[in-house]
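Sequence order for the protein chains is F and R. Quick note on this note's numbering: the first sequence kicks off at 1 and runs consecutively. Quick note on this note's numbering: the second sequence kicks off at 1 and runs consecutively.
Think of the hints as simulated: they come from the structure by calculation, not from any bench. Certain hints may be false.
[Claimed, not checked] Just so you have them, the derived chain F footprint on chain R, three or more residues with Cβ under 8 Å:
#	stretch
1	108-115
2	300-307
[As the list claims (entries may be wrong)] The calculated label-pair distances, taken between Cβ atoms and stated as ranges, are:
#	chain 1	residue 1	chain 2	residue 2	range
3	R	S326	F	S326	53 to 61 Å
4	F	Q216	R	L263	52 to 60 Å
5	F	K171	R	G264	55 to 63 Å
Glycine included, each C-beta is placed from N, C-alpha and C at the ideal position.
Number of protein chains: 2
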Amino acid sequence: MLLRGGKIAAVGAGASCADAAVFDAGGRLMIPGLVEAHTHLDKSFWGMRWQRRPAGPCPIDETETERRNRREPDLNTNRQSGRLAVQMIKMGTTHIRSHVDVDTETGLASIEAVMAMREQLKDVIDVEIVAFARSGLLIRPGTLELLDRAMALGADVVGGLDPCAVDRDPKGHLDAIFGLAQKYGRPIDLHLHERGEMGAFSIDLTIERVRALGMQGMVAISHAFCLGTSDSNQTCRLFDDLARDRIALVITAPEASAAPSVLGCIKAGVLIAGGSDGVRDSWNPYGTGDMLERAMLIGLSNNFRRDAEVELALDICTYGGARVMSVANYGLAVGCDADLVILPGETLAEAVVSRPTDRTVLKGGRIVVRNGELTFPID
Amino acid sequence: MLLRGGKIAAVGAGASCADAAVFDAGGRLMIPGLVEAHTHLDKSFWGMRWQRRPAGPCPIDETETERRNRREPDLNTNRQSGRLAVQMIKMGTTHIRSHVDVDTETGLASIEAVMAMREQLKDVIDVEIVAFARSGLLIRPGTLELLDRAMALGADVVGGLDPCAVDRDPKGHLDAIFGLAQKYGRPIDLHLHERGEMGAFSIDLTIERVRALGMQGMVAISHAFCLGTSDSNQTCRLFDDLARDRIALVITAPEASAAPSVLGCIKAGVLIAGGSDGVRDSWNPYGTGDMLERAMLIGLSNNFRRDAEVELALDICTYGGARVMSVANYGLAVGCDADLVILPGETLAEAVVSRPTDRTVLKGGRIVVRNGELTFPID
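Generate the whole structure from the sequences, applying the supplied hints.
Structure follows, in structure tokens:
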């Protein structure tokens, strides 16, 4: 493979150039950069002391714990988002979609901190920012105006959250986020934890708006537990509707609930991306930021045992994510950006199950990680 | 902690002895040896070249692939079971329950090979062998007689399999395995993949026999998907029945299906152990033999986010397994066997989520792994 100007210039027999530096991959595997399509960079404790999670049993308790934690002077969002992004780079991720909290307590501080981090790391990672009303949108007056300002400031995606279960007003919530998306010409990513009929209703309302506004290909739904907890007729119909209107799913297996069948989605033509969700934060103690591990977890959770199925789980964490995030020039073909991961393994399936850490990562043709070690300085 | 004669002789202030060798754990964590309560040592490809898994979509296709693989001269059961057991030792496991296939094609060859491995490694690991009619019991005439011979040869546990779904004769199957268990005075471990009402029926029939024969505390059910796929009234009743008759569950999360709620089981008083299931075999391409990783997967699959919950997942992979396997003298108290794991981590929950590999493992007071490296020679 010949790289030139940060792109793949040639592959195979014609890929030679007299004055090029040669990197011998030694028979290892090459995949395009891993794509982290759902995480929360702004609130990770990565690299900090262990934070106990004594919160109560309800999700809202965790939101409360989190808001309390964020007020601690030690949780420097700029530093922490950078730490987790760098860990993800080490693991071979070249593109990240991060939800970033916007609420009436912190205002736009987290958005600004992650935008500053993005600027600091712009040569080594692409970061897409979702302005995310984590504490609710309409139930916390002032939040919608903050989301609007976040989009004006440079957030890339409008982030919604459980229109029924959290915001208690599905019409109001969806009209608000679709309105913002229309105003800024940006996509939507909707956190949807609602199960069964309630979640299916929220998806129906979302589909109606996508169709009415011609926003096909611009909306993703994260989690979508309802697609694993509705009856099978309804699920089949929803899969077909999502495929028709090119509404993508983003999954973070194993989920806290029954989750959409990946094979069912793929067969219906629904686009799927994968993500780590929170990594070592108030909500989620787990995670390593490794999208190969996520591919394994997606495979395990979907009973993927055959090689082709395990490779499909990996595909979700590479090409799937790139399509959902509309990453241009992605892949291993001539003309694609040279965002590449080289790693040991006999086959792609073996790489997913063994998750070797001695990876070499290229971003725009430049080696940013060599055999698991960063090649750039970090603060 | 003072160790003497392979046991914990004293803990705390009184644990000093003038002539004892001193091991400074350097502030690391100590847990009792990890317990692998459900695996299949006899068919792992661990350390071999990657084996593609092109099998068809039905479970029986995998059984066929597996029997074909086992006929390959390269799959040396003695060597492979030893390789996987040694990998498990490296990860801190001190006790293993392994199902070992018995069928009319291989006869007792796998049992004999694993028994020989057990003898070879007897100083570094305890291995309990389940004689397992993987290809069916009554549907393959001659298998019951082979199981009987396996028990006579020294297998520890009678292994059943899906009395309805595979053997097509739940009464016949359960009468046969309970009969063998009675004949040899040994416990039962029943693989139960059956879902919903069918699985609940098999559990009901099992409970009836436990009660009629007074076999409380001697029966474990592995997987038990039906407890995750029945209606909630039935599930609650079954949990209570299992607790009353001390029938344990062995789980291998994430399962291929909705699975029993760990918190539901614990609250009802049902004993739970954990296992890796197959590791890199014809059935399962995944796995590392690491019970800390399994604790993480149990935690992830049960939405365990609080520290106490993550510690509960670890407890399932230590004390839970020891109780299900009736391991005597297990734990960190004075008088317990000195089967110990020392590992970095700020808290137990942190050890589960970060899964450090530089573990030091003691078996019977002897260091068998030092900072991730085996201290004993292997063939």
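Taking the hints in turn, this is what the structure says about them:
With a threshold of 8 Å between beta carbons, the proposed coverage of the stretch 108-115 of chain R by chain F is violated, since 0 of its residues qualify and at least three are required. Against chain F, the stretch 300-307 of chain R contributes 6 residues with a C-beta closer than 8 Å to a partner C-beta. That satisfies the three-residue criterion, and the hint holds. About 58 Å separates the C-beta atoms of R/S326 and F/S326, a value consistent with the hinted range of 53 to 61 Å. A C-beta distance of roughly 42 Å is found between F/Q216 and R/L263, which places it outside the suggested range of 52 to 60 Å.
Against the hinted window of 55 to 63 Å, the Cβ-Cβ separation of F/K171 and R/G264 comes to about 36 Å, which falls outside the hint.
Checked against the numbered hints listed earlier, the structure breaks hints 1, 4 and 5; every other hint is satisfied.
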